[in-house]
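Colleague: Sequence:
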Amino acid sequence: MDPTPKIRVQSSSNAADVQATCASAGLTAAEFASLRDASAAAKERAYCPYSRFRVGAAVLTGGSGAGAGAGESVFVTGANVENASYPVGTCAERVAFGTAVADGHRVFRAVAVATDLETPCSPCGMCRQFIREFCDVNVPILMFDKNANFVVKTVQELLPLSFGPEALDPPRGA
1 MDPTPKIRVQ SSSNAADVQA TCASAGLTAA EFASLRDASA AAKERAYCPY SRFRVGAAVL
61 TGGSGAGAGA GESVFVTGAN VENASYPVGT CAERVAFGTA VADGHRVFRA VAVATDLETP
121 CSPCGMCRQF IREFCDVNVP ILMFDKNANF VVKTVQELLP LSFGPEALDP PRGA
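1 is the number of the first residue of the sequence shown in the numbering used here; add one for each residue after it.
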């Protein structure tokens with residue numbers, strides 16, 4: 001028996017795939033399209049002269065309720081930025097989240113990642129943990145390939161038994 005889990009790759013051009021994804025992820029068709037397009041556009045701005053592996057990411061911020069990050073939903077993008085000293089490079093997902101957090105956002109509804117690969121690619125382990133810091137385990141992560149085909153998984157599915165901020169005592173004086 002093959003222990004490899006079967007991944008269903010869906011098509012952005014298939015209305016039924018998009019509609020089902022939007023229903024399960026709590027997104028509108030316009031939000032889905034914006035996540036897809038914004039992550040693909042961000043990929044075009046990647047600085048990756050060493051690996052030539054372009055990655056773009058887009059995060060959809062809160063949009064309802066009270067608290068930090070509430071209010072109008074916005075899309076924040078990021079692209080991978082490499083460095084001649086390889087470990088110093090930064091992944092697209094961390095660029096997008098870092099920018100969003102620096103802009104005051106703390107509530108996130110969805111994450112999208114786009115690459116030039118033939119099949120959708122998931123965030124690396126470090127990015128999964130970084131995403132978990134700011135996202136509920138049920139937040140969807142949409143992963144797009146070079147043809148806008150996609151796979152959707154939740155944070156929980158990509159990082160089971162995750163360690164998140166709720167596991168730590170609040171800072172003193174908070």
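No lab work stands behind these hints: they were computed from the structure.
None of these values were measured; they are calculated from a predicted model.
Hints are supplied without guarantee of correctness; some may be wrong.
Now the in silico label distances, taken between C-beta atoms and shown as ranges [said to hold, decoys possible]: (1) A23 <-> P160: 21 to 29 Å; (2) Y86 <-> G173: 37 to 45 Å; (3) C124 <-> A167: 17 to 25 Å; (4) A167 <-> I7: 26 to 34 Å; (5) P170 <-> Y50: 17 to 25 Å; (6) P87 <-> A16: 20 to 28 Å; (7) Y50 <-> G98: 16 to 24 Å; (8) V9 <-> D169: 35 to 43 Å.
Note that beta-carbon positions come from the ideal geometry of N, C-alpha and C, so glycine has one too.
Colleague: Against each hint, give a clear statement of whether it holds in the structure.
Modeller: Right, here's what the structure says about each hint:
Our hint of 21 to 29 Å for A23 and P160 holds, since their Cβ atoms are close to 24 Å apart. For Y86 paired with G173, a C-beta distance near 39 Å keeps the hint of 37 to 45 Å intact. Range check, C124 to A167: Cβ separation about 22 Å, and the 17 to 25 Å hint holds. With their beta carbons about 29 Å apart, A167 and I7 fall inside the hinted range of 26 to 34 Å.
Between P170 and Y50 the beta carbon distance is about 41 Å. The supplied range of 17 to 25 Å is therefore violated. The beta-carbon spacing between P87 and A16, approximately 43 Å, falls outside the hinted interval of 20 to 28 Å. At roughly 21 Å, the beta carbons of Y50 and G98 sit within the given window of 16 to 24 Å. Distance hint for V9 and D169: a CB-CB separation of about 42 Å, consistent with the stated range 35 to 43 Å.
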